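Novice: Sequence:
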Amino acid sequence: MTSSAAVGSEERPIRVLLVDDHELIRHGLALAFHREPGTEVVAQAGTVVSALAAYDRVTPDVVVTDLQLPDGTGLDIIRSVRQRSPAIGLVLLTMHSGDDQIFAAMEAGASAFVGKDAPSSEVVKATRHAMVSPRTFLCAGLAQAMMRRVSGESTRLSGREHEVLLLLADGDGTAAIAKQLHMSESTAKSHIAKIYQKLGASNRAQALVTAMRIGLLSSVQPTQR
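Using full-length UniProt numbering, the first residue of the sequence shown is number 1, and each one after it goes up by one.
Do not take every clue at face value.
To be verified - Just the calculated beta-carbon pair ranges, DEER-fashion:
#1 Glu122 - Glu11: 22 to 32 Å
#2 Glu185 - Gln68: 48 to 58 Å
#3 Gln68 - Glu40: 23 to 33 Å
Hints were generated in silico from the structure; no laboratory data involved. Since we're looking at a predicted model, the values are computed, not measured. Note that beta-carbon positions come from the ideal geometry of N, C-alpha and C, so glycine has one too.
Using the sequences plus the hints, can you model the full thing?
Specialist: Here you go:
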């Protein structure tokens with residue numbers, strides 16, 4: 001059986017729609033794709049409205065769009081196109097590569113996030129990734145951004161949540177935590193669930209590993225029995 005990657009790279013070129021309100025940038029990217037075997041720019045646009053019209057007209061494999069556009073943002077394009085086609089590749093380019101932009105792109109349904117200061121070869125690489133794995137988010141700084149998000153959220157644990165975290169680290173179960181802190185088991189479960197959420201964990205082990213890694217437990221000794 002012929003794979004989707006083979007279809008994109010061997011049978012026909014990857015059809016790309018370029019979206020940027022600066023004509024020189026579009027021209028430069030178009031040249032970069034022209035030099036690359038297996039890629040073809042089939043349309044260009046400078047606004048959200050014209051980009052969506054071009055998408056309907058040429059049905060590209062991948063949309064490469066700038067974040068800031070005169071009548072909206074590249075995220076508007078990504079959300080709209082992702083709703084229409086779960087399988088299309090969507091690459092976001094931006095001068096603003098902060099954590100908020102990275103997570104906004106990922107949550108909108110982008111396939112890849114590339115800073116405009118990256119070489120054109122990185123844009124082409126991201127486009128090839130988007131063609132093959134449109135629902136797998138590619139971003140060079142994602143791991144670090146995730147760590148910063150976890151660290152930032154975990155430092156906002158309430159005083160009660162810190163107490164529960166310490167008892168979790170000491171090996172106590174829900175019933176024991178409830179008894180020691182003079183609360184109902186349902187309240188203890190609620191605190192534990194909030195701790196897991198803030199630490200990006202799905203169980204006790206993951207929560208404790210993350211808490212140790214970001215320093216929440218480093219200066220605290222477990223309760224001695």
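Novice: Run every hint past the structure and note whether it holds.
Specialist: Hints, one by one, checked against the model:
1. The hint said 22 to 32 Å for the Cβ distance between Glu122 and Glu11, and at roughly 25 Å that hint holds.
2. As the Cβ distance of Glu185 to Gln68 is approximately 51 Å, the hint placing it in 48 to 58 Å holds.
3. The given range of 23 to 33 Å is respected by Gln68 and Glu40, whose C-beta atoms sit roughly 26 Å from each other.
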